[in-house]
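> Residue numbers (our numbering), protein chains in the order written: chain F, 3 to 466; chain G, 3 to 466.
Wrong hints could be hidden among the right ones.
[To be verified] Derived DSSO-like pairs: lysine-lysine, alpha-carbon spacing no greater than 27 Å straight-line: (1) G:Lys146 / G:Lys174; (2) G:Lys146 / G:Lys61; (3) F:Lys320 / F:Lys174; (4) G:Lys326 / F:Lys326; (5) G:Lys61 / F:Lys326; (6) F:Lys174 / F:Lys146; (7) G:Lys61 / G:Lys174; (8) F:Lys61 / F:Lys146; (9) F:Lys320 / G:Lys326.
Hints were generated in silico from the structure; no laboratory data involved.
2 protein chains.
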Amino acid sequence: MTDVPRDLDRYFSENAERIRSELFDLLAIPSVSARSEHDPDTRRAAQWIAGSLGAAGLKATVHETPGQPVVVGEYRDAPAGAPTVLVYGHYDVQPAEPLELWTSPPFEPSVRDGRIYARGSVDDKGQLFLHIKALEAHLAVRGKLPINVILLAEGEEEVGSVNLASFVEAQKQLLRCDAVVISDSAMFAPGLPSVLSSLRGLAYFQIDVQGPAQDLHSGSYGGAVVNPAMALARILATMHDAQGRVAIPGFYDAVRDWPAHVREQMRTLPFRDEDFRAEVGAPGLGGESGYSVLEQLWTRPTCEVNGLLSGYTGEGAKTVLPAKAMAKVSCRLVPDQDPAEIERLMAEHVRRVAPPGATATVTPLHGGRPWRAELDGPLYDAARRALATAFGREPVITGEGGSIPVVGDFERVLGAPVLLVGFGLPGENAHAPDEWMSVENFEKGMRAIAVLWEEISGDYHSQY
Amino acid sequence: MTDVPRDLDRYFSENAERIRSELFDLLAIPSVSARSEHDPDTRRAAQWIAGSLGAAGLKATVHETPGQPVVVGEYRDAPAGAPTVLVYGHYDVQPAEPLELWTSPPFEPSVRDGRIYARGSVDDKGQLFLHIKALEAHLAVRGKLPINVILLAEGEEEVGSVNLASFVEAQKQLLRCDAVVISDSAMFAPGLPSVLSSLRGLAYFQIDVQGPAQDLHSGSYGGAVVNPAMALARILATMHDAQGRVAIPGFYDAVRDWPAHVREQMRTLPFRDEDFRAEVGAPGLGGESGYSVLEQLWTRPTCEVNGLLSGYTGEGAKTVLPAKAMAKVSCRLVPDQDPAEIERLMAEHVRRVAPPGATATVTPLHGGRPWRAELDGPLYDAARRALATAFGREPVITGEGGSIPVVGDFERVLGAPVLLVGFGLPGENAHAPDEWMSVENFEKGMRAIAVLWEEISGDYHSQY
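Looking at chain F on its own, in the form it has when it is part of the complex (with noise of 0.2 Å):
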């Protein structure tokens, strides 16, 4: 394991005052995609951004979308034959409300026992501006890059990215690249640098079940018409067997084992299940047999109810025999399940399950496709080695059970390896009062990160 160079790291600790202030005026714009009334300060955060990509020695561009813009910074003059890196982060930040339920005020930035905190600090205002201080130590210590870069950052990441896939599409040749590096989720534990291995895809449904053309009373029909909220139970009930494995014919066929060596790593990770279920305050665990709660969450598809209505809902009795229910239904997609093709086999079973008397419909709502990284190449490698320099040992590979749609549609677009590997810390409460960002990993990933650029221009030079 080798040093961060001195160079490198003597910048970062000489400058590392200014560096604060400057990302605590970048954490102070309430940049707040979700709200209309926040969009000067939006627009705002991406001026700013551009402005610090300016004043780290990039050529930056404000690009104007339907929505939020989009803020490219470029450097082109690596030597011939380095690689091209795509950094993406985003600049807006989640609403702060409930504003009472913070410690000290969301946009006025704070230091409390080692954390940064402020909305926006690890969600992705910090982690995004580590990566221009680590551009801006190469550039400023000596005078270039060892790799070509675009970073690109998007104001609309909390409001879905909207217009970021058609943005990469339109843009593509400006986008061309070998490797894409994104910072924007957590380590495994403190002290623990990880590289994500894996996201899950997403097939959610809208089922509907319509009994008759209005609500009955139950007393004077009970007994004679099919009830469709009972329908819809008896629909939902046979989406799992009693090993909690999904029960929708096909729904397996495609799904590819885990590399041994993965699933064994995993294993050695810190992690209690009491601890998990305390923490999500249940009185107990459940899921498929057979699999740790980590490859649950990681590794294994689910199908889940999100939503339930039918009928009355209100205080007391009311005796209505309702003529529709609805149940929100999603499923979490590992590789190589393929939403469309869940999609087909969810409404195929609805339709071989739903009773006679009812009409079941199933509404597609919304998909998105399963991401494995490739762990085997030279990005992998590269980050590996950095992770190990910065923080002292060797990372963790983690998954996340969750969905970011964009990473698949940077590699689909422009063909190139993702690399996910972020400085948030579990507890960091991204989307939540009082979040914050550690100050150790903020320093710690702007070294890995600088070292990763070294890291990767030898690697591709050696190997491609």
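Based on these hints, arrange chain G on the given structure of chain F.
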């Protein structure tokens, strides 16, 4: 089959216009018990009924209650040994909204196509009033009644008869009687006088399933945490077997078989499944196999979902793993099922089938006993002859899937059998705009009730 006695028949004919005019006065009073702004109207209706009873020759008293008054009319001058009959009805009405759907204003009675249109025309002012006129006819023509009569009219039937049971308890000496007669129901079809043989009871529950302590992200947590909405669906799906029978162990233990001749008679009623299906607007019918629709509705118990609520129920997709799920569930009961016993069985069943990892709670909300008429005694025989005399054909025996709690209260407190003989018709819009009562049924109903007092006096004299 005999004719309506000439003197009574002539009285009804000669006074038809005055009787109609008085009925219209009663119907014009907007005695909507559910609306406190109508309290003065509701009290006015009580006074109106008392005045009408007094004019007919009964001793009328208005009894205050914590809510609307109870009006009692008494005739105690029948020959020694004559039975005492209690007539029950109500002078309050449903709200008339939405007013724009009425062809003529709800409180301006109007006759069209042989129907009296007004709020309360059939439910229950018209039917209560024809009882008063039947008593009046006897007293006017003959100066006496062959039986003792207590007429009880309440003003809170449409808001759950909240003060009636305690009034009956408190006044049980005053209300002591040999039989109770109620006209607040409908005939099976035009020209088919009907005696209601049964009412179903009710056991109404709320089932709450608690999973994690708060809503979770379905991506980050889905697969390891028991989903309470899915758990609820699995619980509900255990409540019926594949034949549509309720699958709660012990549920049918107390169900008493129906007399073969009653079932036989129900099968001869003019009823087409397809008409019923079209009326409810469902794609097909369902329920317990091996029973006709009318048997399902009148003679068999049920288990229905009345409401479902969990997680996200708005438009589009939200990836939430809900903390909790709720179902309103109710069982219609038939003799001799006991609501308290069904509550016990339901709680025990849910406890047994609820999956681990979530906590299911069953809360009883409401209960009422089922009721079945004695179809062999002198009361029923008298009704059969009276209806045959007035309508020119023997009555049919019908059932009712809903519940009328006061029926059980009268039987329990007063120890007297109840006769439910109503003169409404299918499609009468009892709780909807354009409520109506058939003019023919009003005229024949008055005569049938007048004859009933004769028939009861004869029957009871000879048999007791």
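> Failing hints, ascending?
The structure breaks hints 3, 5; every other hint is satisfied.
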